[in-house]
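Q: Please take these sequences and the hints and turn them into a complete structure.
Chain by chain, the residues:
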Amino acid sequence: MSEAAISRLPELERVPWRPLADARRLDRLGLMWTGWTIAHTLPFIAVAVALMSLQPLALPVALVAIAHAWIIPELYAQRGANVVRPRSTAGPGKAARHPAEGIAAGLLGDLVGHAPRDLHRSTGLVLERGRLGAWVVGEVGALLFRPGGRRVHCYCVRVNDATLPPADRIAHLLLALRADERGFATVANLAFVGAPWRVRRRLPPELRPALDAGRELAREMGRSAAADAGTALARVAPQ
Amino acid sequence: MSRLIRMDQTGHTTLAEWTTQDPAAVEAAVEAFRRELDRGYFGMVPAGEGKAEQVRELPVDADVVILRLPISGG
Numbered sequence: 189m190s191e192a193a194i195s196r197l198p199e200l201e202r203v204p205w206r207p208l209a210d211a212r213r214l215d216r217l218g219l220m221w222t223g224w225t226i227a228h229t230l231p232f233i234a235v236a237v238a239l240m241s242l243q244p245l246a247l248p249v250a251l252v253a254i255a256h257a258w259i260i261p262e263l264y265a266q267r268g269a270n271v272v273r274p275r276s277t278a279g280p281g282k283a284a285r286h287p288a289e290g291i292a293a294g295l296l297g298d299l300v301g302h303a304p305r306d307l308h309r310s311t312g313l314v315l316e317r318g319r320l321g322a323w324v325v326g327e328v329g330a331l332l333f334r335p336g337g338r339r340v341h342c343y344c345v346r347v348n349d350a351t352l353p354p355a356d357r358i359a360h361l362l363l364a365l366r367a368d369e370r371g372f373a374t375v376a377n378l379a380f381v382g383a384p385w386r387v388r389r390r391l392p393p394e395l396r397p398a399l400d401a402g403r404e405l406a407r408e409m410g411r412s413a414a415a416d417a418g419t420a421l422a423r424v425a426p427q
Numbered sequence: 214m215s216r217l218i219r220m221d222q223t224g225h226t227t228l229a230e231w232t233t234q235d236p237a238a239v240e241a242a243v244e245a246f247r248r249e250l251d252r253g254y255f256g257m258v259p260a261g262e263g264k265a266e267q268v269r270e271l272p273v274d275a276d277v278v279i280l281r282l283p284i285s286g287g
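Sequence lines, in order, name chains A and B. Residues 189 to 427 in our numbering are what the first sequence spells out, letter by letter. Residues 214 to 287 in our numbering are what the second sequence spells out, letter by letter.
Quick caveat, the hints were computed from the structure, so don't treat them as lab data. Certain hints may be false.
Unchecked claim - Just the calculated beta-carbon pair ranges, DEER-fashion:
| hint | chain 1 | residue 1 | chain 2 | residue 2 | range |
| --- | --- | --- | --- | --- | --- |
| 1 | B | ALA241 | A | SER195 | 25 to 33 Å |
| 2 | B | SER285 | A | ALA238 | 40 to 48 Å |
| 3 | A | PRO198 | B | GLN222 | 21 to 29 Å |
| 4 | A | ARG267 | B | ALA241 | 46 to 54 Å |
| 5 | B | ARG252 | A | SER195 | 21 to 29 Å |
| 6 | B | ARG216 | A | ILE194 | 17 to 25 Å |
As the list claims (entries may be wrong) - Cut-off 20 Å, straight-line C-alpha distance, at most; resulting in silico cross-link-like pairs (EDC-like, lysine to aspartate or glutamate):
| hint | chain 1 | residue 1 | chain 2 | residue 2 |
| --- | --- | --- | --- | --- |
| 7 | B | LYS264 | B | ASP276 |
| 8 | B | LYS264 | A | ASP298 |
| 9 | B | LYS264 | A | ASP210 |
We put the CB at the ideal spot given by N, CA and C, even for glycine.
A: Next up, the structure:
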């Protein structure tokens, strides 16, 4: 790092109350979200079961309780999926495009490799390998697949300039992510944490390949980490 | 030839180009860089695969310096 380089995102100064994100904190957040989902769901299911056991004629009310148990987690997952939905008219397959999208996509293409460039062309999203996991970055948000690919953290994060072409918006996020991944995950607002399939089925089909690529990269990272841990264990274990 | 690029509504704009052998061009680039920092932009230098550095001063030996705006939680 050069002498003039800044190690932390300056944007962190705007959120001084937030602890800096790290792997342990992210895993703890994942567990908390799972707990919250259960806490939102179980009482409604319990009410439905209790009503049916007390009075079978209460079936309609029990069904309403079951519907609540289903809808609340669905709404959270929808919120998660929304972070990578394209906001502009320049989404993949859309006719209307920002006039400068081609130029911006060229600059973004220079920042990423061949495979992420192709993925961006087809989905409008960019795949990035980080230390905390595999990132899928969109115009107004990013998904973080933790190593192993069992959980996805969905973040709302954006550059506040509506005139920018979508690829430039992604490039802004990508550069900030690359400069300070932990700072990026701290500045961004967490919208949802949960199983990737819950987010995937709420995404338009054309965006799903990006999500699949993110999950696959995270699985690969998980396997590499497990292999490294096994090797380290074999070194220290008594013969 | 090094370039100072600002991401903006036109895709991007090249604000300055310089070589280290041309002090006048370097000075113009440094001036342009400081002006953009004063406008609220941040200077970023791509530093290899998956890495970037945020800089306060123009690194004159960098191939490309990209100016970005602040980000925030949505």
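Q: Output the indices of the hints that this structure fails to meet, ascending.
A: Nothing - there is no hint that the structure violates, so all of them hold.
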